[in-house]
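Peer 1: Single-letter residue listing:
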Amino acid sequence: MAWTRDQIAERASHEIEDGFYVNLGIGIPTMVTKYLPSGKQVVFQSENGLLGMGPPAKEGEEDIDLVNAGKQYTTMAPGAALFSSAESFAMIRGGHIDLAILGAMEVAANGDLANFMIPGVMVKGMGGAMDLVYGAKRIVVVMDHTNKHGDTKVLNRCSLPLTGQGVVSRIITDRAVMDITDEGLLLVELAPGYSAQDIQSCTEPTLIIPAHLQ
Amino acid sequence: MAWTRDQIAERASHEIEDGFYVNLGIGIPTMVTKYLPSGKQVVFQSENGLLGMGPPAKEGEEDIDLVNAGKQYTTMAPGAALFSSAESFAMIRGGHIDLAILGAMEVAANGDLANFMIPGVMVKGMGGAMDLVYGAKRIVVVMDHTNKHGDTKVLNRCSLPLTGQGVVSRIITDRAVMDITDEGLLLVELAPGYSAQDIQSCTEPTLIIPAHLQ
Amino acid sequence: MSVYTSVEKAIDGINDGATLLVGGFGPVGTPCGLIQALKDKGVKDLTVISNNCGEEGFGLGILLRNRQIKKVICSYLGGHPEFERQYLAKEVEVELVPQGTIAERVRAGGAGIPAFYTRAGAGTIIAEGRETRMFNGKEYLLETGLRAEFALVKAYKGDRLGNLIYRRTGMNFNPMMAAAGITTIAEVEELVEIGDLVPEQVHTPSIYVQRIIEFRKTDTGKL
Amino acid sequence: MSVYTSVEKAIDGINDGATLLVGGFGPVGTPCGLIQALKDKGVKDLTVISNNCGEEGFGLGILLRNRQIKKVICSYLGGHPEFERQYLAKEVEVELVPQGTIAERVRAGGAGIPAFYTRAGAGTIIAEGRETRMFNGKEYLLETGLRAEFALVKAYKGDRLGNLIYRRTGMNFNPMMAAAGITTIAEVEELVEIGDLVPEQVHTPSIYVQRIIEFRKTDTGKL
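Protein chains in written order, with our numbering: chain A, 1 to 214; chain B, 215 to 428; chain C, 429 to 651; chain D, 652 to 874.
With the rest of the complex left out, here is chain A (with noise of 0.2 Å):
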């Protein structure tokens, strides 16, 4: 049975350890701070502005001047800071963030990513993204392991433009984790109900598929 988007979500706060300072792109990647193991000191960072974010704002409770970088109104942490746009992405550039959990349209098992237009069809934008790929000191890629066609959105290569080359370390989907490497795409976790094989069957690049999860 796939992860929901909530359990998607989860297995991503996984991937921050103590200390870090984080970037969370729009959509799932933003429900991570639900899932934030307690004991750990994590700092998030919206790039419209905010280190220190906190869970989103209670209906009701909106600040009009505070949004994420989702434009959806949330909350600082105690201990955060405000700054300008060019203060953030200094930020994001000079590598200062620790982790981005990023969405994603295609992977490719070098690393391309591909998450902001889709030509001549749909034109988000890249935003942030193009500055955190190449900033942020580890990015992970969050997304559905196929497209609403159906088709894998894990590639040998991306056929969309790119975001950033070589850029992510780890993909998480909701049938499965995997890591790019040096020697290709590893398997590294399954969703309840998956095999291998049923991931592989939905993915191209071909899998290296460690013993234990034969």
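Treat the hints as calculated values from the structure; they're not laboratory data. Just so you know, these numbers come straight off a predicted model, no measurement behind them. Where a beta carbon is used, it is the ideal one built from N, C-alpha and C, also for glycine. A few of these clues could be false.
[Stated by the list, open to error] Cβ-Cβ distance ranges computed for the label pairs, FRET-style:
1) 444(C) - 411(B): 54 to 62 Å
2) 251(B) - 692(D): 51 to 59 Å
3) 800(D) - 58(A): 29 to 37 Å
4) 184(A) - 444(C): 55 to 63 Å
5) 779(D) - 252(B): 44 to 52 Å
6) 660(D) - 122(A): 48 to 56 Å
7) 241(B) - 644(C): 30 to 38 Å
8) 707(D) - 14(A): 54 to 62 Å
9) 509(C) - 58(A): 24 to 32 Å
10) 63(A) - 277(B): 33 to 41 Å
[What the hints assert, rightly or not] As a list, the in silico DSSO-like pairs of lysine-lysine whose alpha-carbon atoms are at most 27 Å apart:
11) 124(A) - 467(C)
12) 124(A) - 585(C)
13) 472(C) - 124(A)
14) 498(C) - 71(A)
15) 40(A) - 660(D)
16) 518(C) - 467(C)
17) 808(D) - 40(A)
18) 499(C) - 518(C)
Got chain A; can you put chains B, C and D on it based on the hints?
Peer 2: Only chains B, C and D this time, still in chain A's reference frame:
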């Protein structure tokens, strides 16, 4: 009779127009704050991160965290703002300063300025002067007309390492006021007791002398 | 510095074909009063440099829907259907720039830096035909500073000298836009007297602001 | 982020030959406690990036007099006789860089910008043998970003997460130095709890600070 340091500063204060943002160099330029005509809204920038510098701190009232670019204890005027050196030089480099009044070791008829070192003998360093000379909209130099050996500091070409090329608009010395123009060095004003010929005799470039100063 | 009491007069000089830097990220930090004045004035063929060109029916979204905008330099169109529609229909010209690159290009413009190198966009379509350079074995793009004749910014408080303070995430692009505008027009929720702001707390020093106008927050501030 | 109670331990890892970014302008914003610890430790052959290498008998001037500094990257030696003497006698290596260029090079280092162009120094001896480029008919120098293994900064207040606030002209180079240090050590006059600082008033966000130590201001803060 040559102008005193205070009189040079007073004369330099006439260069300041209402609404100006002004940077003052170390030495005589700093004294300009004392001669600001009332009724003018002027904001002084100190490149160590202060916009809205007030008069020097009174003895016994110094704030040990508040100095000007000459490292003297200073004060803040109402409406002051404090910021980093990067922001300060963003202001300077970005052309936001209307006028900088600087000291000089040598000035040439082509507007070249030397004010930071005598090779092998004396090195102060350029501090912020190299940024200021290209960044401020207008550069006025205040200095003694001759050095301690009696040699002129107003030259055809500077002999010392330059701070900037073709940057000076006006020179105010203890003996005269001169403008750098496309046609050459124009005599603008004389200190009391000096004739145009007196100034020419202690100035290397041939002066353009307007009729009323003949 | 001039203090204005009418948004109409505060935008004086912004005419057809003007290029504007406009602060704001999503609904926050947007100079809604000045934008409304531009709508009322009916200026056309504007080029706008702004992270996301407002929202549907909000901020710059109003000018977009009213067909007053010819070109937008931005990083994001998502969640703004009219913007996406005009773009795909080629009714508005769009130059997509990574968000950090817009922020830094505008900062560079205001700071007198003609060009700098950034890694954002290397190896992507935005690098096509562009000058690149290797540093430490990695490819960087040359990016140029951006300035414009006018900048429209929004602050929480401003004093009569032009010093500005932002609230929460209302800062976003406003400080850089303010510095990069030849004429910067600040809309503030509260205009205070000179000396009322704490110097250490000023976010945009007065030197960057040429015009200021108080425009009290209304429901237009809420999506 | 680690909170230290001993300056000795706070400078752990700074050894002979280290390169240090050090905040401060004249007497203000100087991490005197950390510098004293470096003197006591006796580390040698330091390369220091700092606007003016302290003052006579103050701040970095102490390390200079004690011959612990091999090289200084700075903009100004004036008013510091021992520094001028060592420089003219070639006892210390000095790289003179315009003040705005130091500030921007360090900012660029912390901001992931490998290089940028500035007009400061064009046509002067500091441009000799350097790469230049014309923009709008004027010559600019290519300048590179600067980082260092350690940054020593001084703030007025800091919280246990590492957020810093400066007072008066104590900010100067400290924010950029903090961002450009791989390990940034902040000396603060007052260490406060997380949540005690107002988010809009934070000057250096915690992400840039790896170690923090409270060091109460004493007479060493006064020239």
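Peer 1: Each of the hints needs a verdict: does it hold here or not?
Peer 2: Taking the hints in turn, this is what the structure says about them:
Our hint of 54 to 62 Å for residue 444(C) and residue 411(B) holds, since their Cβ atoms are close to 58 Å apart. About 55 Å separates the C-beta atoms of residue 251(B) and residue 692(D), a value consistent with the hinted range of 51 to 59 Å. At about 44 Å, the CB distance of residue 800(D) to residue 58(A) disagrees with the hint of 29 to 37 Å. At about 57 Å, the CB distance of residue 184(A) to residue 444(C) agrees with the hint of 55 to 63 Å.
Between residue 779(D) and residue 252(B) the Cβ separation comes to about 47 Å, which falls inside the hinted range of 44 to 52 Å. A hinted range of 48 to 56 Å for the beta carbons of residue 660(D) and residue 122(A) is consistent with their spacing of about 55 Å. The supplied range of 30 to 38 Å is broken by residue 241(B) and residue 644(C), whose beta-carbon atoms lie about 48 Å from each other. One distance hint, 54 to 62 Å for the beta-carbon pair residue 707(D) and residue 14(A), holds here, with the actual separation near 56 Å.
Separated by about 28 Å at the C-beta atoms, residue 509(C) and residue 58(A) satisfy the suggested range of 24 to 32 Å. Here the CB-CB span from residue 63(A) to residue 277(B) is close to 35 Å, well matched to the stated 33 to 41 Å. A C-alpha spacing of about 26 Å is found between residue 124(A) and residue 467(C), which places the hinted pair at or below 27 Å, so the restraint holds. For the proposed pair residue 124(A) and residue 585(C), the alpha carbon gap of about 33 Å is over 27 Å, so the pair is violated.
Distance check on the hinted pair: residue 472(C) and residue 124(A) sit about 25 Å apart at the alpha-carbon level, within 27 Å; holds. For the hint pairing residue 498(C) with residue 71(A), the CA-to-CA distance comes to about 25 Å; that is within 27 Å, so the pair holds. At most 27 Å may separate the alpha-carbon atoms for a hinted pair to count; residue 40(A) and residue 660(D) meet this at roughly 25 Å. Among the hinted pairs, residue 518(C) with residue 467(C) is consistent with the structure: their alpha-carbon atoms are about 22 Å apart, no more than 27 Å.
At most 27 Å may separate the alpha-carbon atoms for a hinted pair to count; residue 808(D) and residue 40(A) meet this at roughly 25 Å. Distance restraint check for residue 499(C) and residue 518(C): the Cα-Cα separation of roughly 10 Å lies within the 27 Å cut-off, and the hinted pair is therefore satisfied.
This entry does not satisfy hints 3, 7, 12, going by the numbered hints stated previously.
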